[in-house]
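The numbering of the sequence shown is the numbering used here, which starts it at 502 and goes up by one.
Please keep in mind that the hints were generated in silico from the structure rather than gathered at the bench.
Beta carbons: idealized from backbone N, C-alpha and C, even for Gly.
Keep in mind that a hint or two might mislead.
Unchecked claim - With a straight-line cut-off of 35 Å between C-alpha atoms, the simulated DSBU-like cross-links for lysine-lysine are:
id : residue 1 : residue 2
1  : Lys506    : Lys523
2  : Lys1051   : Lys930
3  : Lys822    : Lys564
4  : Lys673    : Lys930
5  : Lys1060   : Lys822
What the hints assert, rightly or not - Simulated restraints, written as ranges between beta carbons of each label pair:
id : residue 1 : residue 2 : range
6  : Leu757    : Lys817    : 20 to 30 Å
7  : Leu757    : Thr877    : 35 to 45 Å
8  : Ile1028   : Glu875    : 26 to 36 Å
9  : Asn926    : Leu1025   : 41 to 51 Å
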Amino acid sequence: MAQVKLDESKTLWERWQSIADKTPDKEAIVHWSAGEEPFRWTYGELVETANKFSLALKKNGIKRGEVCAIILKHDPMFYPLYMGISGAGALPAVLAYPNPRLHPDKFRQGLLGMSQRSGLDRILTQRDLDSIIRPFVEMRESTVDELMFPLEWDLEDISESTTRDLQVVRNKVLNTDAMLLQHSSGTTGLQKPVVLSHKAILDHVSQYGEALKIDEEDIVVSWLPLYHDMGLIGAFQIPLASGVKSIHIDTFEWILAPVLMFESAHKERATLCWLPNFAYNLCADKIPDDEMNGYDLSSFRMVINASEPIRSESHKRFIDKFLPYNFNPHALSTLYGMAEVTLAFSQNPPGQKVNEITVDRQKLAQGIVKLADENTEVKRVCVSSGILIPDTEMKIVKDDRSEANEFEVGEIVVKSICLFDGYRNYPEKTAECMDEEGWYYSGDYGFVYDGELYVIGRKKDIIIVAGKNIYPEDVEVVLNELDQIIPGRVIAFGEEDEELGTEQIGVVAETKLTEYEDLRKLRLNIIRAGMTIDVNIGKVYLVPPRWLIKSSSGKPSRKANKERILAGNDEAIWTEEKFRQTSVER
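Kindly produce the complete structure, drawing on both the sequences and the hints.
Structure (structure tokens):
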């Protein structure tokens, strides 16, 4: 198979047009919906329809440089619409479709926060959201000028004159100009707006494609939401600009039926996939064997774990589950990255087993990397996030920003040719994380061992108990093993204890249990589970299913849920006080 050869296009539109001219009949995107025949876009048809959208957008008053937010359900017209916005010289920004459980006021509040920070100019959506979004557009504080319904437009054929008009707009676009706006992971309305240039994305397609050894016959499969960088860049932009096919599954359908990813992978012979860590557990635990009958997963050459802390146990469960379906264990891979570097910064090389090391957890809490031995009482398995991809630099620094010594934990600081220029309309936040030499301070803690990067937690989330650093990820991993807790639905955080003069560890866990005795036993089991890793859990909060607030990446937000818990005004929460009060009453 031949590795992808990229041309010298200066913008994404040039690249898309070039691929369409060379291979108009090659499939570009397969839009997958459960129970339906997939909708298939060839490169020729996709670019032709994108041109029609560019023309329609211009006629509807869209100007160069405007930010056009897209809020759509899983729809085959999303892809040419997104491309058409770029082709009209504007900036596409994908926002999450509102969850039916989310109150419209909360959704509008999130939109307002993003519009004021990002400077949204138009919202392109569908008619059934009119009543939800229009009150936001009409707010005095909103920056949005107009609500549009592009799926209802009659798209005109492109003539020679309109082609020339569009080309005039496109010729003015420089490769250093902004191509898209995306929001870094965070609670809606508090996300940081990241603007990426054509050059940054094209460079990343090249550098990350080299790290992955992307082949002309590669096929990407994804259920990831396109408002998230792993979905937008990994599953959409990279394959599209590399001339390889991608399959897109409805996120909500995948949650209900995760086997859809393997069904489409089997039928289309997918080779590449990105997954957050929780999906490995979910697939291993929730897909019945009879649903996998007849499926062959041997085509996968890389299933890449990213976006949240990587767990050794998750990989083991995934392999055990899918080995009978011809899944190659060496296809498991890992990456470390963020929206600010376009997507990836480090990557485990293709075909290479992901390395793991077992360290002394207590020493790690002190910022020291020491391999575990027979005398180590409490251990932690750390999973490698691979090696740096081309054209990147990294250093590990202490709190004073001096470089850490070998075998010391510190903040991961990065440089890349694909690094963003700063947060849009947010100079103070940019100044916090970027220095004058162009180093980006990630806010993640990690270390380098044997030339590979190991990421162990978020700097801002670390809990300090009596001078001892506790990584909330460690607590969450142990608690996720308890049967009574809904998998992946637990967070740990630091809670100030004025009497003790330090933080204590608070835990919020979702459970289906409702009876007093069951809840009491679960509380004790949580405390005991903490003790197994030498951690004293001071506060336990038990909440019903779907209580935890999620960030845009789909993970429970520690900050938002801590604030919600400490507000203390939700009767659904079982607290320490309730346990004691109920005990007295009994």
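Okay, the hints, checked on the actual structure:
no. : hint                           : result
1   : Lys506 <-> Lys523              : 13 Å, holds
2   : Lys1051 <-> Lys930             : 22 Å, holds
3   : Lys822 <-> Lys564              : 51 Å, violated
4   : Lys673 <-> Lys930              : 31 Å, holds
5   : Lys1060 <-> Lys822             : 34 Å, holds
6   : Leu757 <-> Lys817: 20 to 30 Å  : 26 Å, holds
7   : Leu757 <-> Thr877: 35 to 45 Å  : 43 Å, holds
8   : Ile1028 <-> Glu875: 26 to 36 Å : 28 Å, holds
9   : Asn926 <-> Leu1025: 41 to 51 Å : 49 Å, holds
Hint compliance for this structure: hint 3 alone is broken.
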